[in-house]
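If you read the sequences in order, they're chains V and R.
Going by this note's numbering, the first residue of the first sequence is number 24, and it counts up by one from there.
Going by this note's numbering, the first residue of the second sequence is number 24, and it counts up by one from there.
Hints in this document: simulated from the structure, not taken from any laboratory.
Accuracy of the hints is not assured; some may be wrong.
As the list claims (entries may be wrong) - With a straight-line Cα cutoff of 25 Å, these simulated DSS-like cross-link-like pairs (lysine-lysine) come out:
(1) V:K291 x R:K255
(2) R:K288 x V:K164
(3) V:K291 x R:K205
(4) V:K310 x R:K245
Spelled out, the chains give:
2 protein chains.
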Amino acid sequence: MVTLKMLAKELNVSISTVSKALNNSEEIGEETVKRVKELAELYNYKPNKVALSLKNNKTKTIGVIIPNILNRFIAKVLFGIETEAAKHGYNIITCISNESLVKEKESLQLLASGSVDGFILSVAEETQINNEIEHFKQIIKQGLPIVMFDRVAHDVMCDKVIVDDFDAIYNATKSLIKEKRKNIAFISNINDLSVGKLRERGYNKAILEQGKQEPLVLKIKKKKDDHQKIIKNFFKENKTIDAIVAADSSSGIIALNTAINFGLKVPKDVSVIAFASKSDSNHTLPKLTTIRQHAKAMGISAAQMLITRMQNLPANPDVKTKIVKTSIVKNKSTL
Amino acid sequence: MVTLKMLAKELNVSISTVSKALNNSEEIGEETVKRVKELAELYNYKPNKVALSLKNNKTKTIGVIIPNILNRFIAKVLFGIETEAAKHGYNIITCISNESLVKEKESLQLLASGSVDGFILSVAEETQINNEIEHFKQIIKQGLPIVMFDRVAHDVMCDKVIVDDFDAIYNATKSLIKEKRKNIAFISNINDLSVGKLRERGYNKAILEQGKQEPLVLKIKKKKDDHQKIIKNFFKENKTIDAIVAADSSSGIIALNTAINFGLKVPKDVSVIAFASKSDSNHTLPKLTTIRQHAKAMGISAAQMLITRMQNLPANPDVKTKIVKTSIVKNKSTL
DNA sequence: TTGAAAGCGCTAACAT
DNA sequence: ATGTTAGCGCTTTCAA
Numbered sequence: 024m025v026t027l028k029m030l031a032k033e034l035n036v037s038i039s040t041v042s043k044a045l046n047n048s049e050e051i052g053e054e055t056v057k058r059v060k061e062l063a064e065l066y067n068y069k070p071n072k073v074a075l076s077l078k079n080n081k082t083k084t085i086g087v088i089i090p091n092i093l094n095r096f097i098a099k100v101l102f103g104i105e106t107e108a109a110k111h112g113y114n115i116i117t118c119i120s121n122e123s124l125v126k127e128k129e130s131l132q133l134l135a136s137g138s139v140d141g142f143i144l145s146v147a148e149e150t151q152i153n154n155e156i157e158h159f160k161q162i163i164k165q166g167l168p169i170v171m172f173d174r175v176a177h178d179v180m181c182d183k184v185i186v187d188d189f190d191a192i193y194n195a196t197k198s199l200i201k202e203k204r205k206n207i208a209f210i211s212n213i214n215d216l217s218v219g220k221l222r223e224r225g226y227n228k229a230i231l232e233q234g235k236q237e238p239l240v241l242k243i244k245k246k247k248d249d250h251q252k253i254i255k256n257f258f259k260e261n262k263t264i265d266a267i268v269a270a271d272s273s274s275g276i277i278a279l280n281t282a283i284n285f286g287l288k289v290p291k292d293v294s295v296i297a298f299a300s301k302s303d304s305n306h307t308l309p310k311l312t313t314i315r316q317h318a319k320a321m322g323i324s325a326a327q328m329l330i331t332r333m334q335n336l337p338a339n340p341d342v343k344t345k346i347v348k349t350s351i352v353k354n355k356s357t358l
Numbered sequence: 024m025v026t027l028k029m030l031a032k033e034l035n036v037s038i039s040t041v042s043k044a045l046n047n048s049e050e051i052g053e054e055t056v057k058r059v060k061e062l063a064e065l066y067n068y069k070p071n072k073v074a075l076s077l078k079n080n081k082t083k084t085i086g087v088i089i090p091n092i093l094n095r096f097i098a099k100v101l102f103g104i105e106t107e108a109a110k111h112g113y114n115i116i117t118c119i120s121n122e123s124l125v126k127e128k129e130s131l132q133l134l135a136s137g138s139v140d141g142f143i144l145s146v147a148e149e150t151q152i153n154n155e156i157e158h159f160k161q162i163i164k165q166g167l168p169i170v171m172f173d174r175v176a177h178d179v180m181c182d183k184v185i186v187d188d189f190d191a192i193y194n195a196t197k198s199l200i201k202e203k204r205k206n207i208a209f210i211s212n213i214n215d216l217s218v219g220k221l222r223e224r225g226y227n228k229a230i231l232e233q234g235k236q237e238p239l240v241l242k243i244k245k246k247k248d249d250h251q252k253i254i255k256n257f258f259k260e261n262k263t264i265d266a267i268v269a270a271d272s273s274s275g276i277i278a279l280n281t282a283i284n285f286g287l288k289v290p291k292d293v294s295v296i297a298f299a300s301k302s303d304s305n306h307t308l309p310k311l312t313t314i315r316q317h318a319k320a321m322g323i324s325a326a327q328m329l330i331t332r333m334q335n336l337p338a339n340p341d342v343k344t345k346i347v348k349t350s351i352v353k354n355k356s357t358l
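Input sequences plus hints: build the corresponding full structure.
Dropping the structure here:
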């Protein structure tokens, strides 16, 4: 890497002259500025980021800790974060906790030693199960702001971006009730997560309000189980199901395909609605009616909130929670 | 952040004494070491990463530039990279080129100014179309190693990790020929990419070798088109299709569902085989027979290659290309 | 056994 | 208009 020192030597001026010239300081003579800039251009000089970070005590880097990059929703949020961060000149360092509390703690610690100016994260499953929050609090005490998205730790005082999970499923279920569905089932693959629980509650509320059926819930334990087989058996044991609300895209897609495989017509015999993305909806036939989470928008919001907070150093104690409303995109799997 | 200076002051010793004590230098007295370490522990002292980077002139950070985080294959490679990097104490800074040449160049430039010790990247579509490679060469000339994966620029001298695209599709097509399929179609959504072209060639070779049918190829222009509709029409216009080879997962999934929707039996009437992941194969019924790319393994390999190269500074001029063999996972969509 | 000083690359207050 | 110096946090050589 070419440094100020090298340029200074070649030009027979001092380092600070070069620095000032490149920063358009009024102090330096026109002629000198020109010479300096030309040489810098020639050598493609770029200020060393690390030196700047040390000097300014800020890195222009955001630490992002996510539980699972293979989750499409999370990947999309990450896309939003990166897009917005880049717009403001920030880079993102990504760590994947892999749903592990230990890895989450480590990553947080490591990045907190000077690598980043703040964090955006979604809480690992293990962390949610154990309800651990001390590591988050400690980081905040160190003066590094955190913005949590989707899976948040409610007891940590920090900015948050979440989805209206409860309302979304409540409304989706109600829309199926309006279709005169009499036996609406709820299928979930994410029942250990905070958001999974909220979604189940939304379903329960809608069903209980209606009062014409008992809640019918299928909870799938991740990984261990053969997702397809479980759902097939569920259909076999509950032949009168005429609608499905799915808390996650896999469950929705598999339920839809299973219904078709059983010779049922979708949506005539069975309606299906699921938390899922646009491309998921294109992967079924008929196209899946989906609850969209606007993942990219969430990422953008999270990044904006963090950047705002990082720029207003005097740690404003009021934290905000932004609820990004979902929307139902009606396709052909519902009436 | 707590610094050596602060510890030194509190202990009434010099900064260098503290530094040495914490680094287990033989020079420092046992008693002092103990005092220093205790205080460091108490204050949860962690050496400042930025200062270390500046001092050592290496950041222990890998720059990863990918065209699209929403591509499941790429996301999986990223997972592999992150896993392996973390194992070796490296962080990853992720930039998303969004298939844009300009963004790719910018990211490369920005990170090259001291933020990272090397790069892992997959070339943007626009870059491949324009066949631009100067920006890569320049980075390498600066002394920063690059490892490319999947979509590589063959004319750049650097380490690469690729898939045996040609052979994979060639073999897949042959396996359909062995099933006595007489009218095998090839569907691709990625025809502008280097890998897409290789896959098409593999298909063509197998078909031409057999000599019993003409190649039947459907190329879908990304984004603009309604993927489902195009494939439906393709089926309508080619009623005798009895097998599909898909260059990408979306095309495979949609083709399978379309066939079923037309009342065809899979795999009795139509076989389908596609480049896709395990979870994709679970999203169809019958389960999709897939060509697996071992994306995570590719990420791990790429990270290993880069780390090796970064540690052997005296830029070894021989570059390696690692070909990660795909494997066909037979499910229920083929005979 | 401990400390002082230099240097990584940069900026900025303070000379000249 | 230009240069000197100090300092960001750390390691390391050299001096005490």
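Now the hints, each set against the structure:
no., hint, verdict
1, V:K291 x R:K255, "21 Å, holds"
2, R:K288 x V:K164, "62 Å, violated"
3, V:K291 x R:K205, "36 Å, violated"
4, V:K310 x R:K245, "19 Å, holds"
This entry does not satisfy hints 2 and 3, going by the numbered hints stated previously.
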